[in-house]
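There are 2 protein chains.
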Amino acid sequence: MISRHDCSARDLDDPLAPLRQQFDLPQGVIYLDGNSLGARPKAALARAQHVITAEWGTDLIRSWNTAGWFDLPKRLGDRLAPLLGAQTGEVVITDTTSVNLFKALAAALQMQASDPAQAARRVIVSERSNFPTDLYMAQGLAAWLDRGYQLRLVDSPDELGQAIDADCAVAMLTHVNYRTGYQHDMAAISSHCHAQGALALWDLAHSAGAVPLDLNGAGADLAVGCTYKYLNGGPGSPAFIWVPAKHQARFRQPLSGWWGHATPFAMDPGFAPADGIARALCGTQPIVSLALVECGLDIFAQTSMEAIRRKSLALTDVFIALVEQRCASHPLGLVTPREHARRGSQVSFTHPHGYAVMQALIARGVIGDYREPAIMRFGFTPLYTSFADVWDAVEILRDILDTQSYDIAAKRDAVT
Amino acid sequence: MISRHDCSARDLDDPLAPLRQQFDLPQGVIYLDGNSLGARPKAALARAQHVITAEWGTDLIRSWNTAGWFDLPKRLGDRLAPLLGAQTGEVVITDTTSVNLFKALAAALQMQASDPAQAARRVIVSERSNFPTDLYMAQGLAAWLDRGYQLRLVDSPDELGQAIDADCAVAMLTHVNYRTGYQHDMAAISSHCHAQGALALWDLAHSAGAVPLDLNGAGADLAVGCTYKYLNGGPGSPAFIWVPAKHQARFRQPLSGWWGHATPFAMDPGFAPADGIARALCGTQPIVSLALVECGLDIFAQTSMEAIRRKSLALTDVFIALVEQRCASHPLGLVTPREHARRGSQVSFTHPHGYAVMQALIARGVIGDYREPAIMRFGFTPLYTSFADVWDAVEILRDILDTQSYDIAAKRDAVT
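Protein chains in written order, with the working numbering: chain A, 7 to 422; chain B, 7 to 422.
Hint data in this document are derived by calculation from the structure and do not stem from the laboratory.
Since we're looking at a predicted model, the values are computed, not measured.
For glycine and all other residues, C-beta sits at the position ideal for the given N, C-alpha and C.
A couple of the hints might just be wrong.
[Said to hold, decoys possible] Some, not all, of what chain A presents toward chain B, calculated at C-beta under 7 angstroms:
1) SER262
2) TRP264
3) PRO275
4) GLU378
Between the sequences and the hints, there should be enough to build the whole structure, so can you do that?
Here you go:
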């Protein structure tokens, strides 16, 4: 049995514990929703003040040069790259995950269509349980291309091997499932894709900053992801897209805006894509939100994804163990894999009154979230979550369940 | 002849003069580049602090509900709508102008393709002098659709009448030209489009907040635009898209992300577009940059576009007159129409050493910008530009030209 004292002892031994001081976390809250919106780096306020007063207010239009606004997507992409197993010049931070997925999927289909040996492929493989917007974007693209592309959705990761076949143009998968926390084997699936002649496109929304990634080493073809979850970039901060050096020359995407032009200030009426990763850009980016992404990356630069992963697995192991020890009499079902290699940085449990229980937890200061059907989702962010937090969260959960202190008539909010 | 005293007297009579106090403008600068990046509303700093500390930092994920983040694109769109001659529920602030143009153009082509009487049309009419990214996005869309769509570019507004013909699916025009300041007759061109069976899609990047607009009255079909120029939303602040009530039911666009879904939190794997303007949304928006847009709109709410237009025309009239009076011996060529109805809120002059002269102006604190070929561009923003500013700017221009105090070997910066 694990005690609170054990948890406190682990905190004393935790090399990441000091990083918590770099985040602004409200008093009385145990925040287990960093997989939805990362907490605020304290530095973000001063950074915003600087961008707003000095760069926008004082230097005004000159800041496109003097503050490097125009290069910000590339400069921040280069800072993010090491967390992804990507090289300098392979990542930009720009637009939204949905828009970047559209670019990447369109480019992947085009790469296949322009290869006579692969041009007949018309299937996009994904999972029915993928984050819905990924499926929506694929549906939108397929319908507009009107060339017979169809989505083949599997119901279990086990079916991917068979589904990714000689008809498959692209496997479009989210590396860590938003609901279950299941983590795919990126290298094995990418390798299977290539053996079948397909390309592997990965959504890293729940992976970047959460688990070690080695995009190049895994042989992935394209990737997109989000900066406002584990990367702590701020609400809705711009997303990223990765195009490896091996594919950049043939990467073409339909959102061909001026930031992706070879000579954006020549004002040529004809589009010519920039060399390198810049061709994944489109239009002018929201500079204040974009600049704040750096505050999160600055904290990652003080540790390593390996250290983060060690603590993440320890936190989720302890959480699972404590829930199973202390809430054993309640109908909780573990959804997240116990196997480390298959687990992201979240833990999900079902409960028949999952929504109501989560509302009660939030009212008591333990912030997780709820996803249909019946899933309580708890995200663990090693940069600012302690082992004592885990103990205290489970203790509050136990108390709520033991005393049935939740309103089974609770209705879902519009959002979250 | 106009004197500085005349200018000061006009400032004393100017009902908009007090609004300048709501902007943070650096000492010693006459800012005539609000057509590229609007100045900073003083309120933007406190608003950013609130969003970052209270909404992100303290309320965290709950702010999607409590701070109304999810509804922000619609709520701000409704606040912008009156400046455009649009109705409540017809505008959202989201994504970039380029991305919104892609959505709008795709939707317009689809509307035509689904009408048997118009389905054969394959021509998109625009101007060669349009802002290049608009042409790039149209090229990208046309190439990816691969259904024979072609861009027909005219070299002069006079040619539009003939170019918009029975083959034309959509006329995609920027209402006020970014380089010349030429303003199209939106009602006449939209009407001509309809008479020919075409749709009229307008880019309002240099119109919104600059000139009175009556989208519904003019019979326009779709519009997009930018909030970081005359609307003072901040660097790269999210753009807008207008879909009139009359077209919403058949408006479909390929960037079908979860924010445009009928039930975004049901997590349904199939896309179904939301009713109304929400179907123009796609992915999660950059909340800090988006929230700052409201600070600019708050200032517009204290006056009217008619009052702004009166002062804009007075400022540009005085600027043209003063340049022609005081710099008459220099080879300056007025590019912007003298006719009020054809003029936006900027004035452009050519000069053989336009780039060098503009650099000398900027070094003396008069910030305009330069556009190829040989064009010096001066934007006039009635919310914070005074008649005395106009006098002083022309006086500095005169001095630079009279004394040839510019470096004809000056090389262009990477950006601006």
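Here is how each hint holds up against the structure:
Of the supplied interface hints, the one on A/SER262 holds, with its beta-carbon coming within about 4 angstroms of a beta-carbon of chain B, less than 7 angstroms. Against a cut-off of 7 angstroms between C-beta atoms, the interface hint on A/TRP264 holds, since the closest Cβ of chain B lies about 4 angstroms away. Because the beta carbon of A/PRO275 sits about 5 angstroms from the nearest beta carbon in chain B, less than 7 angstroms, this interface hint is met. Given the 7 angstroms rule on beta carbons, the hint for A/GLU378 holds: about 6 angstroms separates it from the nearest Cβ of chain B.
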